[in-house]
Each structure stands twice: as structure tokens, then as C-alpha cells.
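Novice: Whole structure, please, built from the sequences with the hints as guidance.
These protein sequence lines map, in sequence, to chains W and H.
When we follow numbering that gives the first Met the number 0, the leftmost residue of the first sequence carries the number 0, and every step to the right adds one.
When we follow numbering that gives the first Met the number 0, the leftmost residue of the second sequence carries the number 0, and every step to the right adds one.
Check each hint, because a few of them may be wrong.
[To be verified] For lysine-lysine, the following BS3-like pairs were computed, each having C-alpha atoms within a straight-line distance of at most 30 angstroms: (1) Lys436(H) x Lys110(W); (2) Lys110(W) x Lys143(H); (3) Lys110(W) x Lys502(H); (4) Lys108(W) x Lys143(H); (5) Lys144(H) x Lys108(W); (6) Lys144(H) x Lys110(W); (7) Lys109(W) x Lys143(H); (8) Lys357(H) x Lys436(H); (9) Lys95(H) x Lys106(W); (10) Lys436(H) x Lys108(W); (11) Lys501(H) x Lys108(W); (12) Lys496(H) x Lys109(W); (13) Lys106(W) x Lys436(H); (14) Lys501(H) x Lys109(W); (15) Lys502(H) x Lys109(W); (16) Lys106(W) x Lys144(H); (17) Lys26(H) x Lys95(H); (18) Lys109(W) x Lys436(H).
No wet-lab data here; the hints were simulated from the structure.
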Amino acid sequence: MTLSFGEIIALILFCVGFYGLLARRNIIRTIISLGIIQVAIILFFLAINFESTMIPPIGVSDPSMVADPLPQALMITAIVIGVSVTAVALTMFISLYHRYGSTNWMKVKKKRRDES
Amino acid sequence: MMPLFLIVLFPIIMALFIYLSFNRLPKISMFMMQLIVLAMAVYFFIYTKENGTVIHVLGYYDQGIGIALKSDNIASVLVLLNAFLFTCMILFNYHKPYMNRLFLFLFVILQGLMNGIFLANDMFTIYVLIELSTIVVSVLIMFKKDSQSIYDGMLYLLTNIVSMTLFLLGIAYMYKIFGSLDLDIIGQRMSLIENPRALILPYSLIITSIGLKSALMPLFSWLPRAHGTPSAPSIVSAILSGLYVKGGLYLFIRFQAIFSEQLDTTHIFLILGFMTAVIGFLFALSQTDIKLILAYSTVSQIGLIIFGLSLNHDYSYWGSIYHIVNHAIFKSVLFLTAGMIIETYETRDIRQITGVFKRMPFVSIITFMAILGITGAPLFNGSISKYLIQSDTSSRDLLEYGLILINLGTIMIFVKYGSMFRGDSHVKTAPVRLNQKLAILILGGFCLAGGIFGVQFIKLLFNINISVSLDGYVRKAIVYMISLIIGWFFYTYLYSKIGLFKKIREIELTFNQICFSIVLFFAGMFSYLLYII
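Specialist: Spelled out as C-alpha cells, the structure:
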């Protein structure tokens with residue numbers, strides 16, 4: 000399976016995002032890393048079977064020249080989901096911060112354990 | 000024929016309608032609506048049973064272009080089970096003060112989304128529905144807004160979103176390879192793939208996220224957090240543990256069915272299922288919080304189901320699917336009664352609860368029925384499904400011993416769980432409310448009926464004829480009695496001397512460690528597949 004330039008960039012971004020999830024203990028950075036991963040996946044979808052000579056699927060045109068419209072339609076939904084998920088995560092983080100006063104996963108976990 | 004999407008959309012739209020129209024009686028209208036959903040589920044079940052698999056494409060496009068909903072004999076049973084359990088849950092919680100419009104709104108929406116997950120035949124639709132239900136579930140977990148449940152809800156949300164990003168990348172790869180997202184079309188085109196190595200990467204990505212959803216071995220640490228969180232309403236715990244986690248298992252069944260033609264992974268899942276079951280019961284034994292005991296026992300049962308599904312035999316396959324149904328019923332009974340016990344005693348610590356039988360006799364009897372079901376006692380529903388799972392292993396000794404060990408673990412958990420029923424109590428408690436009594440009586444009754452009429456139930460639900468031989472069943476009953484005695488001896492004499500359990504209780508992964516376990520699972524699955532193919 001060969002990968003196009005866009006797909007390679009997307010996979011690199013995906014790995015960058017995952018590195019953020021693995022190595023950063025800050026909750027805000029976790030949410031930002033999730034944002035990076037979402038962008039990477041959107042780029043990957045759009046880069047599937049894409050060539051630079053393709054035109055947007057609008058109006059009457061030669062079907063063989065048109066970029067695949069399905070991933071584009073799907074990615075609009077994925078963007079909406081990404082935004083709402085980020086919003087929910089941030090909202091939850093605000094109330095978490097009010098309770099525990101920390102942005103660090105380790106400290107929050109320790110405080111949660113001391114409570115029970 | 001009513002269109003299939005109604006069963007997905009009707010609860011959601013009605014929930015929204017009841018939430019927005021400033022109705023004075025949200026509970027009664029929601030309950031009526033729930034009865035309609037139950038009737039619809041029964042209708043779809045009967046229709047599917049008579050006419051075979053129903054496929055309905057939204058917008059009347061060809062399949063593969065529009066979003067397809069598919070109701071086959073497993074999906075229709077799960078939808079029916081879903082409607083039935085939600086009806087019981089709303090009945091059970093009818094009098095609770097926190098059952099306000101917002102709670103009912105979220106709770107009923109979850110039902111619609113789960114119906115969607117069971118019926119959707121399109122990978123992107125599955126992704127959207129799971130992502131939405133993750134948000135709804137995390138809000139439900141932290142509904143009472145106490146600080147522990149906020150942490151648990153947050154952890155649940157982020158872990159599941161991370162796993163779903165892997166799923167989305169996986170379906171991007173699938174689209175790149177197959178040019179379609181429809182599961183049926185992918186299934187048809189699967190035989191055209193010349194080089195199965197091309198499928199390894201998408202398969203590992205998808206199966207990692209499904210593994211997390213269904214709480215497989217290294218990925219289960221979110222489950223007890225979410226299902227056993229101290230302040231979550233007991234009906235939410237019951238639905239999550241009884242049914243929601245089965246969404247993951249159902250996806251496991253569907254995706255395994257598609258990929259099995261090219262990638263044979265039954266061996267690795269046999270091992271993973273076994274390890275999940277064993278580690279699940281070790282964790283459950285070490286807990287002292289009764290909700291956490293039940294949550295970890297779910298992990299153990301899921302391991303058993305995955306094990307049964309990977310045995311590659313008809314009887315064990317249908318036995319596992321019947322066990323999914325059974326587990327949903329007895330685990331919801333256990334969570335509901337645990338919630339009532341916690342309310343009465345105002346503690347979750349099993350060491351401080353004694354004399355439940357004296358204080359709450361009715362609740363105790365129903366709990367015993369569920370315990371007999373989950374441990375596979377003869378005449379109860381668990382015994383039939385466990386018998387079927389085991390029926391193929393008689394020729395393969397090691398597997399049979401494995402299953403006996405798993406069941407022994409389950410028995411030990413519930414010997415421990417049952418210890419709180421002993422003892423004396425002089426406090427008089429108020430009698431159980433009628434609606435709660437009715438709800439747990441119906442569910443508990445199904446534990447017994449599912450055992451006595453097990454063969455007929457399987458015929459009715461899945462159109463499969465099975466036969467349960469008397470000697471095999473008696474032999475299993477003897478094994479059960481022996482394991483019960485061993486379990487009892489172990490708990491009374493050995494349990495307190497083993498220090499290991501205390502150490503296990505302290506184990507708790509942080510978010511970064513959970514992410515690490517996801518990467519580990521993915522890397523392990525990826526390299527294993529590269530090695531064998």
C-alpha cells in the first residue's frame with residue numbers, strides 16, 4: 000500500500016498527538032493533543048485517493064476528474080463531533096479544576112484517592 | 000413494515016419533546032413513551048424472526064450510498080433486550096427525586112443511541128453513534144456532580160475518545176482499501192483482497208478501539224471507574240454494565256465475522272479472553288466496595304464471552320451470545336439490588352454490611368437468584384449458556400479446565416459478595432416500594448425462566464435448535480457443587496491470608512498509563528499479526 004504525501008503528514012501528526020497523550024500530564028495538553036489527532040484524521044480522510052489535478056465535486060464536470068466527495072461529506076460530521084467533544088471535555092475540566100485545583104492528572108488522581 | 004430508523008429516532012425525538020414541552024408529568028409521559036418503544040422493539044423482533052434479515056437504507060438509495068440499518072437475528076434480540084431493560088429501569092427508579100426531566104432526557108437518548116449502535120451497518124454511523132453515546136454516558140456518570148464522579152466521568156470520556164480516534168483512522172484505511180464503509184459490501188469484497196497483510200494495520204486499529212470498548216485485558220481500567228463510581232445512580236451503573244458494554248462485544252462479533260476470512264485471530268482472542276476473565280476475577284476478589292466487585296465481575300464475564308466466541312464452534316458461539324443476554328439481566332439485578340443495599344446501609348464497604356437477609360429479605364432473595372444465575376447454578380440461566388460454551392471443549396482438556404477455573408473465580412467472587420447477607424440485624428427497614436419490587440421481580444424471574452426454559456428461549460430468540468443432554472448437565476451440576484465448596488473454603492480460610500489481594504486493590508492507572516496500555520495493545524496486536532501472516 001503506497002501512501003501519498005498528505006497521508007504521511009497525517010500519520011506524523013497522529014503520532015505527535017499520541018505522544019502528547021502519552022507524555023504530558025497536563026489535562027489541557029491532553030485535550031489539545033486530542034485536537035491534533037482529530038486534525039490528523041481529517042487530513043488523512045481528505046488525502047485518500049487524492050491527486051493534485053482533481054477538482055471539487057461541484058457543478059457539472061467530468062466525473063473522472065472529481066475528488067471523492069464521500070470523505071469530504073463525512074469529515075464535516077467529524078469536525079462537528081470533534082468540536083463538541085472538545086467543548087464537553089473542557090467544560091468537564093472546568094468543574095474538575097474547581098474541585099481539585101490542579102491541572103495535573105497525577106495530582107488529581109491522588110486527591111481523588113484520598114477522598115474515598 | 001415500519002422503517003427501522005424509527006426505533007432509533009423515536010426515543011430521541013420523544014425525549015427531546017418531553018424535555019422541551021414544560022410537562023408537569025415528565026415521568027408518566029416518559030414511561031408511556033418507553034412502553035411504546037418496547038412494543039416497537041417486540042414488533043421488529045417478530046418481523047425479523049419471520050422475514051429474516053431486514054436491511055433498510057435511509058433515503059432509499061442503493062446500499063453502500065445511503066446509511067444502512069440492518070436488523071438480523073442478533074441485532075433484533077439486543078434491541079429487544081435494550082427496550083426491556085430500559086423499561087424495567089425507569090419503572091425501578093420511578094419515585095427517585097433526581098429523576099427530573101434532564102436525567103430522563105439523557106437516559107432515554109442513550110437508549111436510542113444504543114439501538115442505533117446495534118442496528119447500524121455503516122462504519123461511520125457506528126463511529127458517530129458511539130462518540131455521541133460516550134458524551135451522554137459521561138454526563139450521566141457525573142450526574143450527581145460529586146467530585147469523585149467528575150474525575151471518573153472525565154477519565155471515561157477522554158479514554159473512550161482516544162480509542163475512537165483509533166477507530167476513525169482504522170475506518171479511513173478501510174475506505175482507502177475497499178472504497179466503501181458499508182459492512183456488508185466490505186464483507187463481499189473481502190475475498191478480493193490478495194494480500195492479507197494490507198489489512199493488518201486497519202484491523203489492529205479497529206480491534207484496539209473495540210477491545211477498549213468491550214474492556215479486554217490491558218484496556219479495562221476505565222470500566223470499573225465508570226460502572227462502579229460511587230455516586231452514579233444505580234440504574235446508570237446497571238445499564239452501563241449490563242448492556243452498554245455489550246455494544247463493544249457486538250461490534251467485536253460483527254468485525255470478527257468480516258475479517259475472519261482473511262485474518263484468523265481466534266487463538267490470540269482465546270488467550271486474551273481467558274486472561275481478561277482471570278484478571279477480572281482477581282481484581283473483583285480484592286475489592287471491598289460492592290459496586291466495584293460487581294464492575295470487575297463484569298470484566299471477568301466479558302472475558303468468558305470473548306473466550307466462548309473465539310472457540311470456533313457453533314454451540315459455544317450461540318452460548319456466548321445467549322450469555323450476553325443473560326449477563327445483561329442478572330448484572331442489572333445485582334446492580335439495582337446493590338443500589339438498594341447501599342441506600343439502606345449508607346456504606347459501600349462490604350466489611351461493614353452484615354445481616355442483609357434479616358433486614359431486607361425480599362431484596363436478598365432476588366439477589367440470590369441473580370447470584371445463582373451468574374455463577375451458573377443448575378436451573379438458572381447462566382447454567383445453560385455456560386453449558387453451551389463448554390459443550391465443545393470436552394475433547395480439548397485444557398480449555399475445559401480453563402472454563403472451570405473461570406467459573407470457580409466467579410463463584411469465589413459471589414461467595415465473597417454473599418458474605419454480607421449473613422449475620423444478624425435488629426433494625427427494621429421500611430418495606431420495598433412496589434415499583435422497585437416489581438422491576439427486580441420481573442428481572443429476577445427471567446434469571447430462573449431463562450434456565451428452566453433455556454432451550455426454548457434460544458429457539459425463540461435466535462431460531463437455533465440446541466439440545467442439552469441430561470448427563471452433561473448433571474455432570475456440570477456436580478462440578479458446580481464441587482467448585483462451590485472449594486470457593487467457600489477458599490474464602491473462609493485462605494482469602495484473608497493472601498496479601499496479594501491488598502496489593503491488587505491499590506493498582507490504579509492514570510490517564511497516561513491508560514493511553515500507554517492502548518498503544519501497547521495496538522503494538523502487540525500489530526506485531527502478532529505481522530508475525531503470523
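Novice: Work down the list of hints and note, for each, if the structure agrees.
Specialist: These are the hints, each one checked on the structure:
1. Using a Cα cut-off of 30 angstroms, the hinted pair Lys436(H) and Lys110(W) is violated, with the two alpha carbons roughly 38 angstroms apart.
2. Between Lys110(W) and Lys143(H), the direct Cα distance comes to roughly 19 angstroms. Compliance with the 30 angstroms bound is thereby established for this hinted pair.
3. Among the hinted pairs, Lys110(W) with Lys502(H) is consistent with the structure: their alpha-carbon atoms are about 19 angstroms apart, no more than 30 angstroms.
4. A C-alpha spacing of about 19 angstroms is found between Lys108(W) and Lys143(H), which places the hinted pair at or below 30 angstroms, so the restraint holds.
5. Distance hint between Lys144(H) and Lys108(W) is fulfilled; the C-alpha atoms sit about 17 angstroms from each other, no more than 30 angstroms.
6. Straight-line distance between C-alpha atoms of Lys144(H) and Lys110(W) comes to about 16 angstroms, which keeps the hinted pair within the 30 angstroms bound.
7. The suggested pairing of Lys109(W) with Lys143(H) holds, with an alpha-carbon distance near 21 angstroms, which does not exceed 30 angstroms.
8. A threshold of 30 angstroms between alpha carbons decides the hint, and for Lys357(H) with Lys436(H) the separation of about 17 angstroms falls inside it, so the pair holds.
9. About 35 angstroms separates the Cα atoms of Lys95(H) and Lys106(W), which puts this hinted pair outside 30 angstroms; it is violated.
10. A C-alpha spacing of about 38 angstroms is found between Lys436(H) and Lys108(W), which places the hinted pair above 30 angstroms, so the restraint is violated.
11. For the proposed pair Lys501(H) and Lys108(W), the alpha carbon gap of about 19 angstroms is at most 30 angstroms, so the pair holds.
12. Distance restraint check for Lys496(H) and Lys109(W): the Cα-Cα separation of roughly 28 angstroms lies within the 30 angstroms cut-off, and the hinted pair is therefore satisfied.
13. Between the alpha carbons of Lys106(W) and Lys436(H) the distance comes to roughly 43 angstroms, so the proposed pair goes past 30 angstroms and is violated.
14. For the hint pairing Lys501(H) with Lys109(W), the CA-to-CA distance comes to about 18 angstroms; that is within 30 angstroms, so the pair holds.
15. Simply put, Lys502(H) and Lys109(W) have alpha-carbon atoms about 17 angstroms apart, close enough for the 30 angstroms limit, and the pair holds.
16. Straight-line distance between C-alpha atoms of Lys106(W) and Lys144(H) comes to about 20 angstroms, which keeps the hinted pair within the 30 angstroms bound.
17. Distance check on the hinted pair: Lys26(H) and Lys95(H) sit about 10 angstroms apart at the alpha-carbon level, within 30 angstroms; holds.
18. Restraint check for Lys109(W) and Lys436(H): the C-alpha separation of about 40 angstroms exceeds 30 angstroms, so the hint is violated.
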